[in-house]
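> Sequence:
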Amino acid sequence: ILPSGSPLVIVTGSALDLQRILSSEIGFKGYFLTRIEFPDPTPSQIARMFLTKMADKGLVAGDGVTVEYLAELIRTNTDEDWRLDRNGRISELLLSGVRAELRKRVN
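For the record, in the sequence shown the residue sitting at position 91 is 103 according to the numbering used here, with numbers rising by one throughout.
Treat the hints as calculated values from the structure; they're not laboratory data.
Misleading hints may appear alongside valid ones.
Unchecked claim - Just the calculated beta-carbon pair ranges, DEER-fashion:
(1) Val118 - Leu34: 20 to 28 Å
(2) Tyr81 - Arg115: 17 to 25 Å
(3) Gly70 - Leu20: 32 to 40 Å
(4) Arg32 - Lys69: 21 to 29 Å
(5) Leu20 - Val118: 38 to 46 Å
(6) Glu92 - Glu113: 24 to 32 Å
(7) Gly17 - Asp93: 39 to 47 Å
(8) Ser18 - Lys116: 48 to 56 Å
(9) Thr78 - Leu34: 39 to 47 Å
(10) Leu28 - Arg111: 32 to 40 Å
(11) Thr78 - Asp52: 15 to 23 Å
(12) Arg87 - Val110: 17 to 25 Å
(13) Val118 - Arg60: 36 to 44 Å
(14) Thr46 - Val118: 41 to 49 Å
What the hints assert, rightly or not - Heads up, simulated SDA-like pairs for lysine to any residue below, C-alpha to C-alpha not over 20 Å straight-line:
(15) Lys65 - Ser108
(16) Lys65 - Pro53
(17) Lys69 - Arg101
(18) Lys116 - Leu71
(19) Lys69 - Val23
We put the beta carbon where it would ideally sit given N, CA and C, even for glycine.
Let the sequences and hints guide you as you build the complete structure.
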């Protein structure tokens with residue numbers, strides 16, 4: 013709730029899906045005052061997000077594991093549609109994978 017008492021509504025999704033919803037006849041169209049669209053992250057941005065999340069958890073990447081190296085791995089091992097469906101969540105998936113591998117090594 014905003015200080016004025018009005019609700020703050022955030023709608024997320026693909027641009028095409030959101031356009032369909034906002035232009036539908038269910039009454040949304042006139043109530044959204046601001047629309048902000050963020051571009052899908054590039055492989056480099058995903059790599060940067062991942063390394064930041066690792067650092068936030070106290071994890072340190074090995075020698076040679078750079079943004080450029082990870083971005084190239086992401087680019088060559090995933091296709092664009094797969095990345096678009098998962099968006100920035102890919103960095104979370106990578107971090108979960110790292111943590112799972114670390115748990116295996118500890119046990």
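> Now tell me, hint by hint, if it's right for this structure.
Taking the hints in turn, this is what the structure says about them:
1. Val118 - Leu34: 20 to 28 Å: violated, 48 Å
2. Tyr81 - Arg115: 17 to 25 Å: holds, 24 Å
3. Gly70 - Leu20: 32 to 40 Å: Taking Cβ atoms as reference, Gly70 and Leu20 lie about 33 Å apart, which means the hint holds.
4. Arg32 - Lys69: 21 to 29 Å: Violated - the Cβ-Cβ distance for Arg32 and Lys69, about 38 Å, lies outside 21 to 29 Å.
5. Leu20 - Val118: 38 to 46 Å: Between Leu20 and Val118, where Cβ atoms are some 42 Å apart, the hint holds.
6. Glu92 - Glu113: 24 to 32 Å: Holds - the Cβ-Cβ distance for Glu92 and Glu113, about 27 Å, lies within 24 to 32 Å.
7. Gly17 - Asp93: 39 to 47 Å: holds, 42 Å
8. Ser18 - Lys116: 48 to 56 Å: holds, 49 Å
9. Thr78 - Leu34: 39 to 47 Å: holds, 40 Å
10. Leu28 - Arg111: 32 to 40 Å: holds, 34 Å
11. Thr78 - Asp52: 15 to 23 Å: Holds, at about 22 Å.
12. Arg87 - Val110: 17 to 25 Å: holds, 19 Å
13. Val118 - Arg60: 36 to 44 Å: 27 Å Cβ-Cβ, so the 36 to 44 Å window is violated.
14. Thr46 - Val118: 41 to 49 Å: holds, 47 Å
15. Lys65 - Ser108: holds, 10 Å
16. Lys65 - Pro53: holds, 15 Å
17. Lys69 - Arg101: holds, 16 Å
18. Lys116 - Leu71: holds, 16 Å
19. Lys69 - Val23: Since the Cα atoms of Lys69 and Val23 sit roughly 29 Å apart, the hinted pair is violated (cutoff 20 Å).
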